[in-house]
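Trainee: Chains C, W and D: place on chain L using the hints.
4 protein chains.
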Amino acid sequence: MSKLIFQEDREMDVIAIGRIGIDLNPNEYNRPLEETESFTRTVGGSPANIAVATSRYGIKTGFIGRIADDAFGRYICQYFKLKNIDTNGLVIDNKHHKTGLAFVEIKNPKESNIIMYRSEAVDLHLNMEEIKEEYIKNAKALVVSGTALAASPSREAVFLALKYANKHNTVTFFDVDYRPYTWNSLKETSLYCSMAAQMCDVIIGTREEFDVLEGVDIPGNQDDDITANYWLNHRSKLVIVKRGKDGSTAYLKNRERIVGEVFPVQPLKTQGAGDAFAGGVISSLIKGKNVKEAMKYGAGAAAIVVQENSCSEAMPTEEEITKFIEEYKIRRD
Amino acid sequence: MSKLIFQEDREMDVIAIGRIGIDLNPNEYNRPLEETESFTRTVGGSPANIAVATSRYGIKTGFIGRIADDAFGRYICQYFKLKNIDTNGLVIDNKHHKTGLAFVEIKNPKESNIIMYRSEAVDLHLNMEEIKEEYIKNAKALVVSGTALAASPSREAVFLALKYANKHNTVTFFDVDYRPYTWNSLKETSLYCSMAAQMCDVIIGTREEFDVLEGVDIPGNQDDDITANYWLNHRSKLVIVKRGKDGSTAYLKNRERIVGEVFPVQPLKTQGAGDAFAGGVISSLIKGKNVKEAMKYGAGAAAIVVQENSCSEAMPTEEEITKFIEEYKIRRD
Amino acid sequence: MSKLIFQEDREMDVIAIGRIGIDLNPNEYNRPLEETESFTRTVGGSPANIAVATSRYGIKTGFIGRIADDAFGRYICQYFKLKNIDTNGLVIDNKHHKTGLAFVEIKNPKESNIIMYRSEAVDLHLNMEEIKEEYIKNAKALVVSGTALAASPSREAVFLALKYANKHNTVTFFDVDYRPYTWNSLKETSLYCSMAAQMCDVIIGTREEFDVLEGVDIPGNQDDDITANYWLNHRSKLVIVKRGKDGSTAYLKNRERIVGEVFPVQPLKTQGAGDAFAGGVISSLIKGKNVKEAMKYGAGAAAIVVQENSCSEAMPTEEEITKFIEEYKIRRD
Amino acid sequence: MSKLIFQEDREMDVIAIGRIGIDLNPNEYNRPLEETESFTRTVGGSPANIAVATSRYGIKTGFIGRIADDAFGRYICQYFKLKNIDTNGLVIDNKHHKTGLAFVEIKNPKESNIIMYRSEAVDLHLNMEEIKEEYIKNAKALVVSGTALAASPSREAVFLALKYANKHNTVTFFDVDYRPYTWNSLKETSLYCSMAAQMCDVIIGTREEFDVLEGVDIPGNQDDDITANYWLNHRSKLVIVKRGKDGSTAYLKNRERIVGEVFPVQPLKTQGAGDAFAGGVISSLIKGKNVKEAMKYGAGAAAIVVQENSCSEAMPTEEEITKFIEEYKIRRD
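Protein sequence lines correspond, in order, to chains L, C, W and D.
First residue of the first sequence? That's 1 in our numbering, and the numbers climb one at a time after it.
First residue of the second sequence? That's 1 in our numbering, and the numbers climb one at a time after it.
First residue of the third sequence? That's 1 in our numbering, and the numbers climb one at a time after it.
First residue of the fourth sequence? That's 1 in our numbering, and the numbers climb one at a time after it.
Bound-form chain L, shown alone:
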């Protein structure tokens, strides 16, 4: 039986925690960033994108995060409300920290860099006092992304949230989301991400991200089976190794191995694919789909998002994913 079990009597379906930023997407494509003249702003950050994805999918979604006390903070809050995301877990910063920014370059479909503004970013100032045990206790699932562990006090806040989730049987999802620029060293990343992973029921990452995650525990390993075995021997019940357009593989506690479907499309950019996939998988699992179905919906969501010039704005509903998959198969066959 490859379904995850959730505490069904919870008010909230899923809470994401951590990074919310502003993406500045280029209005002109296929040119380097130094020649990009104008930008459109959207909400970004891996857990924020996942929250938009799950809410769009039709899952009751909340967010725990710290936002700036300025126009960008207000915009994020308004946007979350518009997307039907519960904002009771948002805290307004009182120390003049600024929203993290990502200026996106779309040089060509395969090459797209980012300039990140993360120095003293407001999301990394989320602190332990702002983690409410009740809020987490009332949710079926908690989604953590690795970036939130990169610096204090956000690191401590996330570990506390994981402790509360474990205490109350809130299912914990860990999206490795490795972003080198906020971390001091690879070894520190491995240490804290592996400590978080050991508190999580589901771990999702690319092969490269698992290499980072395992740097201390099983250094040098690049074998998915060894990876799955290692983490499933700890708390994890489900491990998903993403391989982009080559598809992803899920491993279950009983060592069942499920290869996900893929829907190759012509992408505009690659950003957002991982968040769309995670959002689709998590929503589907919470809605009671089995792992194979969940992976298909995740892949469908990712295929939709990479064709658009935004991450959060492009997140599809469950119906849109269903329709995309059906039409895709008709086209393909």
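In short, the hints are calculated from the structure, not lab data.
Mixed in with the good hints there might be a few duds.
Same chains, same label: a pair holds when it works inside one copy or across any pair of copies.
Cut-off 30 angstroms, straight-line C-alpha distance, at most; resulting in silico cross-link-like pairs (DSS-like, lysine-lysine) [stated by the list, open to error]:
#1 Lys-237 / Lys-95
#2 Lys-83 / Lys-323
#3 Lys-107 / Lys-237
#4 Lys-187 / Lys-137
#5 Lys-253 / Lys-163
Mentor: Chains C, W and D only, in chain L's frame:
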């Protein structure tokens, strides 16, 4: 005789030092920043704007500053070259610092706020090692703006540049350019700005800026005559108190008092007016105009810039200012 | 069977990790510190004291720590060699950090304060690169004290050491050693100490220290039985709650409860009692004594140390403890 | 006329500002610090020593500084009161900063090192708010030592004090007191020390200290005459270059050059000689002695102090210096 004397045998006319940033100007006006959807990037920062202004005016201009090792740094460097500014004083940062940003809100002609990204901004990492005595020795004038004194190591770099300028009779201009967000306290601002002002031949500021500048030396003073008297008793030869559309007043060593002309226009925004004014005044003085003429050209440049949706991009040439003033007078009379 | 099982084929008996400092003990007693005129320096710091205690006891002891590149660092290294402690795990700092200091006040036997010099203390700069997996793999036991978790990078180094110890079945001892001055908040202390405690086979602390340790997990608890139950449900095999001269209680995995003997003496000071106790208990357990015996030897060592004006220097050998206990009982009976 | 002119109507004779620390002097001499077992604590820090020297000399002395809220802070305050130093300028720190420490090694009369504890030292946290204009206005002289300029906010506090002193004709003394360990770079030291020196009426330093002081202004200079000329062309009225037992040379505004007497003795250590000299010179000048006399009393005080195992405690009264000089000459002749 109300002309400033410059060392005429210098290769460079003027060098500005300090802040270069990126302005992100709204593509949609008359709305709050949280509802502004897209932005156009231009080069910004008070001394950078002044450098563009003097170079556009026709004065040989250089810049001493630290730029990021990324697409924004490359853009700034290319832009300066395009505007004919000497970039030999630009240093490429090697520590992942980012370009300072200013997101501009144009709510209405009178109200326009800014979100500043200045945490660990690359310009504030300019350091003493990067100040070349020869470069300053070869210039007629050095322009310092107060913001560069707000944090170390930029603070020390600017004091060193002022020392070299004083040593070699390079005329020193101080534009107070008070920006509260980078400073620890008003008292610290007063202290360091007044120490810099005492090393400068010309001081330019609004009445509010002189209030800040004098916080330690003559606390509570709001009288322009006392201001002028105080600074002219030190090193200064020329003190200009700006009063926006009410015009500005210049005070000379011999206590002559010159009220500048104004050219009231319907502004789109107010940002950039001060830099255009300073650029016009400095260029004119270096070109040998007297103080009264210089103030007129400064006011003309400011009137042109406030009607445009950019600071640096809108800076006019000497001919454009002359033409604007002539046409303005014809219209007026 | 109340004995701990160690991997008997290991070269080293026990490795302590973390804080090594200099204690400055007053040469004049029974006066406030402001009137204390001269001081004698000895090696201090909880894990350093424990290492001296175990080595004096006759157990092969090593230490992992960072020492200053100055006369105090050299003194510590010489002292450890003199006490027969393996120094291969000591790293000499190369960044001018200084040895932590503790100026001890002995106002009266019950009241003795300390002025701690811990700002940028060299021991807290121990980092992950300095933790050698082989060194830990070759030891029967690892002793961690909570203070080393108070700041980065020492915090990460200790978590890494615990990971290696768990991986190689090196028995892990956690001495809570709560020192408020190095921590940011009580909640942060609770978080990281509880995360470390969950990686440890034996937890030792006073009731007050368990209150801190449990701040996040079982807030408000002050009941030793609940404490024992909670931690024994995790990895721990042995939990010891110290109650000073009222004796200590050990709890085993099988929920056996052992109350330790005490040897009341007239103390000169109280510092060092806890470290002597921990050293005696750990050494005895490694030597194969059962928990009851180990607690007796710990209490004996503590009784000896509180009568002397030093912590490290006063640590007794196994024979001295045996002799003290025998004589004490003769005197008492 | 080689006397300095002071505002005679001032309540206080002299105020020193900046560093007050604790010296820990070895109780055993002629051995390296790692073998030194016990230490006696005294008050230390260049300006504190000078304040003790001037007060002992019989001059009404005050001190502006920040002291720790612990036993060492209380000891310093009590000691100052005992030495008749006005403590109204002392501020008790409220942020847990600790008193700076100096552990002194007396290896042999010529070689004696120091381990300095200066990380976050409380004296460097003196801030602008704690500088009272009235207090400085009521004093004949202000003594600044360079170390207080090494870090913020003490740097800003001292510059503010110098501004107030200049405003109210309080004679300003600058003792370069170069201590490399608190500074970021030699160039930064040169910059800030030279900026302070330009606000001072009297500059005192060793040849090596003038080399540092002049690093930006006259780099490479090692000639006392050029040194004197340079600074006397600025604000300074008196420049004293110290050359230890080879005597010192004073330069006056009128370019008069006065070589000071020396009293060679067998020293126990060299620390404190400079402070004793400065204290003697400053006190003598304030008491109305001419520069030649003042230099003699400074040299006498230094000769007395180097024979004792303390700096502050060994500072002599005017009578003791007079007596020492008389007896020295009798012995010599």
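Trainee: For each hint, tell me whether it holds in the structure or not.
Mentor: We went through each hint and held it up to the structure:
In this homomeric assembly, Lys-237 and Lys-95 never come within 30 angstroms of each other (Cα to Cα): the closest approach is 40 angstroms inside a single copy and 41 angstroms across copies. Only within a single protomer do Lys-83 and Lys-323 lie at most 30 angstroms apart by alpha-carbon distance; the minimum there is 21 angstroms, versus 53 angstroms between protomers. For the homomeric pair Lys-107 and Lys-237, neither the shortest alpha-carbon distance inside one copy (39 angstroms) nor that between copies (52 angstroms) is at most 30 angstroms. Proximity of Lys-187 to Lys-137 under the C-alpha cut-off of 30 angstroms is restricted to the inter-copy arrangement: shortest distance 19 angstroms between copies versus 32 angstroms within a copy.
For the homomeric pair Lys-253 and Lys-163, the shortest alpha-carbon distances inside one copy (22 angstroms) and between copies (23 angstroms) are both at most 30 angstroms.
Violation of the numbered hints given earlier is confined to hints 1, 3; the remaining hints are satisfied by the structure.
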